[in-house]
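Student: Given chain X, work out where chain S should sit, using these hints.
Top line first, the protein sequences correspond to chains X and S.
Everything in the first sequence is counted per the numbering used here, starting at 456 for the first residue and increasing by one.
Everything in the second sequence is counted per the numbering used here, starting at 456 for the first residue and increasing by one.
Hint data in this document are derived by calculation from the structure and do not stem from the laboratory.
It should be emphasised that the depicted structure is a prediction, and the values quoted were computed from it without experimental measurement.
One thing to keep in mind: the hints can contain errors.
Quick list of simulated restraints, FRET-style, between CB atoms [what the hints assert, rightly or not]:
no., chain 1, residue 1, chain 2, residue 2, range
1, S, Asn-478, X, Glu-786, 28 to 38 Å
2, X, Glu-637, S, Asp-564, 27 to 37 Å
3, S, Ala-656, X, Gly-774, 51 to 61 Å
4, S, Asp-517, X, Ala-678, 48 to 58 Å
5, X, Asn-578, S, Asp-722, 48 to 58 Å
6, S, Ala-476, X, Phe-499, 27 to 37 Å
7, X, Ala-678, S, Leu-590, 44 to 54 Å
8, S, Gln-750, X, Glu-673, 52 to 62 Å
9, X, Ser-483, S, Ser-483, 21 to 31 Å
Glycine is no exception: its CB is placed at the ideal position from the N, C-alpha and C atoms.
Protein chains: 2
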Amino acid sequence: MEERTEIASLGEFGLIDHLTANNEIRNSSTILSIGDDAAVIDHFGRQTVISTDLLLEGIHFDLSYTPLKHLGYKAVVVNLSDIYAMNAIPTQIVLSIGFSNRFSVEALDEFYEGVYTACDKYNVDLVGGDTSTSLRGFVISITAIGEVEPDSFVKRSGAKPNDLICVSGELGGSFLGLTILEREKKIFEETGSQPDLEGQAYNVGRLLKPEARKDIIEYFAEAEIIPTSMLDISDGLSSDLLHICKQSNTGCVLYEDKLPMNDDMKDFAYKLQLDPTACALSGGEDYELLFTVPQSDYEKIRLNPGISIIGYMTEFAEGKNIITRGGNKHELVAQGWNHAKNK
Amino acid sequence: MEERTEIASLGEFGLIDHLTANNEIRNSSTILSIGDDAAVIDHFGRQTVISTDLLLEGIHFDLSYTPLKHLGYKAVVVNLSDIYAMNAIPTQIVLSIGFSNRFSVEALDEFYEGVYTACDKYNVDLVGGDTSTSLRGFVISITAIGEVEPDSFVKRSGAKPNDLICVSGELGGSFLGLTILEREKKIFEETGSQPDLEGQAYNVGRLLKPEARKDIIEYFAEAEIIPTSMLDISDGLSSDLLHICKQSNTGCVLYEDKLPMNDDMKDFAYKLQLDPTACALSGGEDYELLFTVPQSDYEKIRLNPGISIIGYMTEFAEGKNIITRGGNKHELVAQGWNHAKNK
Numbered sequence: 456m457e458e459r460t461e462i463a464s465l466g467e468f469g470l471i472d473h474l475t476a477n478n479e480i481r482n483s484s485t486i487l488s489i490g491d492d493a494a495v496i497d498h499f500g501r502q503t504v505i506s507t508d509l510l511l512e513g514i515h516f517d518l519s520y521t522p523l524k525h526l527g528y529k530a531v532v533v534n535l536s537d538i539y540a541m542n543a544i545p546t547q548i549v550l551s552i553g554f555s556n557r558f559s560v561e562a563l564d565e566f567y568e569g570v571y572t573a574c575d576k577y578n579v580d581l582v583g584g585d586t587s588t589s590l591r592g593f594v595i596s597i598t599a600i601g602e603v604e605p606d607s608f609v610k611r612s613g614a615k616p617n618d619l620i621c622v623s624g625e626l627g628g629s630f631l632g633l634t635i636l637e638r639e640k641k642i643f644e645e646t647g648s649q650p651d652l653e654g655q656a657y658n659v660g661r662l663l664k665p666e667a668r669k670d671i672i673e674y675f676a677e678a679e680i681i682p683t684s685m686l687d688i689s690d691g692l693s694s695d696l697l698h699i700c701k702q703s704n705t706g707c708v709l710y711e712d713k714l715p716m717n718d719d720m721k722d723f724a725y726k727l728q729l730d731p732t733a734c735a736l737s738g739g740e741d742y743e744l745l746f747t748v749p750q751s752d753y754e755k756i757r758l759n760p761g762i763s764i765i766g767y768m769t770e771f772a773e774g775k776n777i778i779t780r781g782g783n784k785h786e787l788v789a790q791g792w793n794h795a796k797n798k
Numbered sequence: 456m457e458e459r460t461e462i463a464s465l466g467e468f469g470l471i472d473h474l475t476a477n478n479e480i481r482n483s484s485t486i487l488s489i490g491d492d493a494a495v496i497d498h499f500g501r502q503t504v505i506s507t508d509l510l511l512e513g514i515h516f517d518l519s520y521t522p523l524k525h526l527g528y529k530a531v532v533v534n535l536s537d538i539y540a541m542n543a544i545p546t547q548i549v550l551s552i553g554f555s556n557r558f559s560v561e562a563l564d565e566f567y568e569g570v571y572t573a574c575d576k577y578n579v580d581l582v583g584g585d586t587s588t589s590l591r592g593f594v595i596s597i598t599a600i601g602e603v604e605p606d607s608f609v610k611r612s613g614a615k616p617n618d619l620i621c622v623s624g625e626l627g628g629s630f631l632g633l634t635i636l637e638r639e640k641k642i643f644e645e646t647g648s649q650p651d652l653e654g655q656a657y658n659v660g661r662l663l664k665p666e667a668r669k670d671i672i673e674y675f676a677e678a679e680i681i682p683t684s685m686l687d688i689s690d691g692l693s694s695d696l697l698h699i700c701k702q703s704n705t706g707c708v709l710y711e712d713k714l715p716m717n718d719d720m721k722d723f724a725y726k727l728q729l730d731p732t733a734c735a736l737s738g739g740e741d742y743e744l745l746f747t748v749p750q751s752d753y754e755k756i757r758l759n760p761g762i763s764i765i766g767y768m769t770e771f772a773e774g775k776n777i778i779t780r781g782g783n784k785h786e787l788v789a790q791g792w793n794h795a796k797n798k
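The following block holds chain X by itself, in its conformation from the complex (with noise of 0.2 Å):
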């Protein structure tokens, strides 16, 4: 039997001495970490990024399939890849749970497992949090701390027309990797027939255990480039362009064929009689960076295999549309993706 320790035998300031006892530090910005009313960063010289995400049982994720250490890694990771976002790097976060009394210590330690295995990954220092009971289900709140060179953060509202619209990875992954395991849930819980997941390792990793794009903010820096406008893909490829194109006031052009996708992506898309561009345009969840560069970047960004030219922007009053594969143009709309009304 899997041993069992109540939360209740630690207490709150027990609970918190276990559960952080082998936080490293990691930036020498990090002054004071755990253990005091805040956290003390020293960030002289560079601006302070900072970005927050609230992830709720039953709304952002299912215990019933997502093992508890993934959650913490990927928690961690969504919040880091806001960051990126922006051109920064992350540098510290402070996490929050609530959690009711059917966890155990042993639950908690998977999850923060997870969360370290993410600090130690991306080199980031937990520095401070909360922890709570909860009535019921499991509240996760991290809020990010990143560092950027002065004026040299990228936002979401400096893209012009002509700029070339870019991807980081792969799209779509995340989203069948939600469709599988949802299908998988309704069957075992119709039938009680054990999941079926031969051949599905990669779109539900990509749900699962998706990674921030670090390694394409340092390409940024080693190649000197400084992006127009980025974001990170959270709520599916249009809806996060047409962001950019409102806060740019610009219109934009995509490219059907120029989209990145996973074979084990479409492969599976077309079993579930689903178009693979669909999921690629509207899936959400990839944690990919959408951004813009000007035309004169494009031998640069050629030279990374990890980056792929999907289209171009234009003027605002050309409006937002899609090149398909046949050629024919159509406006762009937003499916976007909510996690409420995927349920």
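Tutor: Chain S in isolation, oriented as in the chain X frame:
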């Protein structure tokens, strides 16, 4: 009939626009605010202080007797209190909320009215956040950011034997406010009688609309006082003083007759046959500052009528004690204040 606008009628982005339409920027350090992946802050030449709190309906607050406007105000204030407790000045907050479909746009407006009132009063900028639906219950997560002159932040661990123990304001009121409201709620549930809060403005106000002691931090700067240790009282004086002793590796002596107590607090405590001293020692959520200063600061401290000197620190070996009015010495114990246990 009260107006009720469904949140769904605005959509997620419409709701964010609506709630943040009148958001003001008050600090020149706020470089980029709401509307991007992250906010950007410029604390050049100062260190950044960060603290976070998670507030859950049914654990930390009860909407049956907590007006949403007060809740918004308090949620901000308790976070700012942590920043002041570092001897720092809060400059920005990020705010995430999760709400079920029982909430209307008007209800969220009320909550934000309280948030903005607190931002205005304490001169902080709301620079980001996250909004989400929840399956049930109202979830609030706030992270506060502040700034401090390099290395003039105050930790819990710097108290020395013979330092004076000081506290701002008065103690125990918030606990009695909670006791009254819980009692009236029970009576209402059992008999339908309307709450009788006659003469309870002080205690109820201490619970529902606490203030953070900005004025004390300003006085420190003015009088050139740097406390040797400090925290804000959220768990209760005993419990929080024991934190300072533990982290500073000292003992302490408190004097019962020096504990600052309001007459309304004492009167109601007697009415309930409670010991006002116990309320002052163990009642939580007072959000007063508890700090230590060297004896050489005695004259400076004495000049501020908002500060009481309640004891002194000792060597660790002398233990943690309270001297009663009758002159007896008792060991100081942490009753603590555990939201979950109070329910």
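Student: All hints, please: hold or fail.
Tutor: Now for the hints, and whether the structure bears them out:
A hinted range of 28 to 38 Å for the beta carbons of Asn-478/S and Glu-786/X is consistent with their spacing of about 32 Å. In this structure the supplied range 27 to 37 Å holds for Glu-637/X paired with Asp-564/S, their Cβ-Cβ distance being about 35 Å. The given range of 51 to 61 Å is respected by Ala-656/S and Gly-774/X, whose C-beta atoms sit roughly 59 Å from each other. Between Asp-517/S and Ala-678/X the CB atoms are about 55 Å apart, so this pair conforms to the stated range of 48 to 58 Å.
Distance hint check: the CB atoms of Asn-578/X and Asp-722/S are about 57 Å apart, consistent with the given range 48 to 58 Å. Checking the proposed 27 to 37 Å range against Ala-476/S and Phe-499/X shows it holds: the Cβ atoms sit about 35 Å from each other. The given range of 44 to 54 Å is respected by Ala-678/X and Leu-590/S, whose C-beta atoms sit roughly 45 Å from each other. Evaluation of the 52 to 62 Å hint for Gln-750/S and Glu-673/X yields a pass: the beta carbon distance comes to about 53 Å.
Between Ser-483/X and Ser-483/S the beta carbon distance is about 26 Å. The supplied range of 21 to 31 Å therefore holds.
This entry satisfies every hint, going by the numbered hints stated previously.
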